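J.: Below are the chains, spelled out letter by letter.
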Amino acid sequence: MTQTPLLATRNLTVHLAQRPVIDNLSLEICAGELVGLIGPNGAGKSTLLRSLAGLIPSAGDMTVSGRSGADLTLAERAALMAYVPQEHEIVWPMSVERLVGLGRVPHAGAFALRRGENDRRAVRQAMERMDVARFAARPATALSGGEKARVLIARALAQETPILIADEPAAGLDPAHQIALMRTFRSLAAEGRAVVATLHDLGLAARWCTRLVLLNNGVIAADGLPQEVLTEKTMADVYGIRAYFGTAAGGPVVQILDVADQAEETSGAN
Amino acid sequence: MTDRSYYLMLAGLVLLALVLFILSLTVGTAGIGFFVSLKALFSWEDSLIGLVIHDIRLPRAILGLLVGATLGLSGAVLQGFLRNPLAEPGLIGVSASASLGAVLAIYTGFSAAFALGLPLAGLAGAFLAVLAVRAMAGASGSTLTLILAGVAVSSFAAAMTSLTLNLSPNPFTALEIMFWMMGSLSDRSMTHVWLAAPFIMAGWLSLFSLGRALDALTLGRDAAASMGIDLKGAQRRVVFGVAASVGAATAVSGAIGFVGLVVPHMLRPFTGSVPSRLLPASAIGGACMILAADVLVRFIAPGRDVKLGVLTAIVGAPFFLWLVYRTRRDML
Numbered sequence: 673m674t675q676t677p678l679l680a681t682r683n684l685t686v687h688l689a690q691r692p693v694i695d696n697l698s699l700e701i702c703a704g705e706l707v708g709l710i711g712p713n714g715a716g717k718s719t720l721l722r723s724l725a726g727l728i729p730s731a732g733d734m735t736v737s738g739r740s741g742a743d744l745t746l747a748e749r750a751a752l753m754a755y756v757p758q759e760h761e762i763v764w765p766m767s768v769e770r771l772v773g774l775g776r777v778p779h780a781g782a783f784a785l786r787r788g789e790n791d792r793r794a795v796r797q798a799m800e801r802m803d804v805a806r807f808a809a810r811p812a813t814a815l816s817g818g819e820k821a822r823v824l825i826a827r828a829l830a831q832e833t834p835i836l837i838a839d840e841p842a843a844g845l846d847p848a849h850q851i852a853l854m855r856t857f858r859s860l861a862a863e864g865r866a867v868v869a870t871l872h873d874l875g876l877a878a879r880w881c882t883r884l885v886l887l888n889n890g891v892i893a894a895d896g897l898p899q900e901v902l903t904e905k906t907m908a909d910v911y912g913i914r915a916y917f918g919t920a921a922g923g924p925v926v927q928i929l930d931v932a933d934q935a936e937e938t939s940g941a942n
Numbered sequence: 054m055t056d057r058s059y060y061l062m063l064a065g066l067v068l069l070a071l072v073l074f075i076l077s078l079t080v081g082t083a084g085i086g087f088f089v090s091l092k093a094l095f096s097w098e099d100s101l102i103g104l105v106i107h108d109i110r111l112p113r114a115i116l117g118l119l120v121g122a123t124l125g126l127s128g129a130v131l132q133g134f135l136r137n138p139l140a141e142p143g144l145i146g147v148s149a150s151a152s153l154g155a156v157l158a159i160y161t162g163f164s165a166a167f168a169l170g171l172p173l174a175g176l177a178g179a180f181l182a183v184l185a186v187r188a189m190a191g192a193s194g195s196t197l198t199l200i201l202a203g204v205a206v207s208s209f210a211a212a213m214t215s216l217t218l219n220l221s222p223n224p225f226t227a228l229e230i231m232f233w234m235m236g237s238l239s240d241r242s243m244t245h246v247w248l249a250a251p252f253i254m255a256g257w258l259s260l261f262s263l264g265r266a267l268d269a270l271t272l273g274r275d276a277a278a279s280m281g282i283d284l285k286g287a288q289r290r291v292v293f294g295v296a297a298s299v300g301a302a303t304a305v306s307g308a309i310g311f312v313g314l315v316v317p318h319m320l321r322p323f324t325g326s327v328p329s330r331l332l333p334a335s336a337i338g339g340a341c342m343i344l345a346a347d348v349l350v351r352f353i354a355p356g357r358d359v360k361l362g363v364l365t366a367i368v369g370a371p372f373f374l375w376l377v378y379r380t381r382r383d384m385l
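Protein chains in written order, with the working numbering: chain X, 673 to 942; chain H, 54 to 385.
None of these hints come from the bench; they were simulated from the model. Everything numeric in this text was worked out from a predicted model, so none of it was measured. Warning: the hint list may mix true and false statements.
[Unchecked claim] To be clear about the criterion: a stretch of chain H counts as covered by chain X if any three or more of its residues have a C-beta under 8 angstroms from a C-beta of chain X, and this derived list gives those stretches: (1) 260 to 271; (2) 274 to 283; (3) 313 to 326.
Glycine included, C-beta positions come from ideal geometry on N, C-alpha and C.
Between the sequences and the hints, there should be enough to build the whole structure, so can you do that?
T.: Next comes the structure, spelled out in C-alpha cells:
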C-alpha cells in the first residue's frame, strides 16, 4: 500500500495494573478500510481501541492522520477520531436528537448553546444513517438496548471524523440493524474514512469487513483479508473452536460448529 | 423541549427573581409600606426608612440573590460532573470547613473583636478545605477520590465543630454557634456583600465555563474525553468554582441545605435534561428559592427570627422525598 495510513502504531505497549495488555503492537490502518478487530475475551481488543483513542497512556509511537499522537491535544484528536465505548452509558433522559447533537461538541465553543446549519445537517444525517430519526424526540434513556446502541453510534457519526473507532458496535442489534450498521461502516470507508470496530460475531466480521486483525494475548495473531485470517488453524489455535467455512452470495461465510476438543471427542466416537 | 420554551422558562425565572427581590426589600418587621420602601431605595436622603432599606434590607436581598444562585449553580454543576443526581454543594467539604472557620471565630472571640472576623475565618476554612481536597484527589482526576476526599474533609470539619461546641466556655457562646450554623441572612451589611461578591463571581465564572464538558459527560468519561474534553482541567474548574462561590456564600450566610440538591432536580425536566442548559436555570432558580424563603421567614414568625437554613430544610426535605417518590414511579 502506497497511501499514508490514517492511523498507525509502532511498538505500541499498554500496561494495565502492571500487566502488559498490548505488547509491542505495530498496525497501520488506511483510508477506505473497515477493519474488524477480533479475538477471544481478554485478548486486549478494547484496550487497543482505548489506547488508539488516546484514553489510556501507552508506550511506543502512534500517528494519527500523519501527526504524532503525543503532540495532539484532546480537541485536535477529537476532530480526527470519534470513539464509541462498549458501555451504553446515558445519564440524563436527554432527547435522542440532543444526544446525537453531542457529537458536535468538539466543533463548538465553550459557551456555545446554539447550533449552526452545518451541525443540524450532520445530526440529521447521522440519525438517518442509524435509523433513529423516527424517535428523535424520545428520551434516550427510555429506549431499548439495541436502540440505545444505535443512538450512541449516531452520536459518533455526527462528529464527522476521518477515523471512527467503535467497541462492540454490533452487540445487542437485531440482524437487520447489524447489517445496516456494517453497510454504513462500509460506505463511510468508501467515502475515504477508516473504521475500526471490535466484533464478536465472526460471521458478521467475515462478511462485511475489508480486513480483519486477530488479536491474541496482546499481539497480532493474524492480519489480512477475512478469508486469510479466519482459517481452521487460527480458529483452533486462538479461539479453540471448529468452524465451517464457505462462500455464499459472493462473500465468505463462517459458521462456528463446536469447541475444538469437543470436536475430537465426537470424531473419536464416530 | 424546544429552544423557545426553554428561553421562556428562563425569562419567567428572571421575572420571578426580580419580583422576589423587590418583595425582599419591602417586607419586614419595620412595617414600612411597599411604595414608601421603593421610594426610599432610590433616594439618598438621610432618613430612618432609607437607613432600613439601604443598610438592612438591600444587603440581605443581594446576599439572598448571590447565595441562592451559588447553591443552585454549584448543585447543578456537581450533579452533572459526578453524573449523580444526589450530589450537592457541600459534597467536596467546602461548606463544613467554612462553617468550622466561622465557628472557631465565634469561639475565640475573633468575630466579636473584628466585624469581618467571622466571614474571613469562614473563607479561610473553605480555602484550607480546597487545599486538602486537591492534595488528596488532585493528581488522579478520578471522581471517586474527589468524593472520598470531600467526605473525609467534611467529617473532620464536622468533628472539629462538635469539639468546639463541646469546649465552648459558656452556654451563650454555644448558643451563638448553634444559631449561626442554622444559616441566616439577617443582620448582614453591605460590607459582607463586598467581601463575598468577588469570590462568588469568580466561582460562577469558573462553573459557567463547564457547560460543554458537562454535556459531553452525559455519555460517560471515556466518551467525553474522546470528544476533546479535558477531564482533569474540568475537575480543577469544578473544585475551584464550588470552593470559591460556596465557600464565600457559607462564610456570610452559614450552611443552607437542600437548595443545591432540590433546585437542579426541579428544573432539569424543563431544560430537556441538557446539563449546560440547567446551569443558568438552576442559578436563577436557586436565587428565587432563597429569596422566597427569606421573605417567608419574616412572615411566619415576625420578631422570632426563624433561621433561613431551618426553613429550607423543613420545606426541602419533604419536597425531596416527593421527588424521590416520583422518580421511583417513573422508573418502574
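J.: Flag every earlier hint the structure violates by its number, smallest first.
T.: Every hint satisfied by this model.
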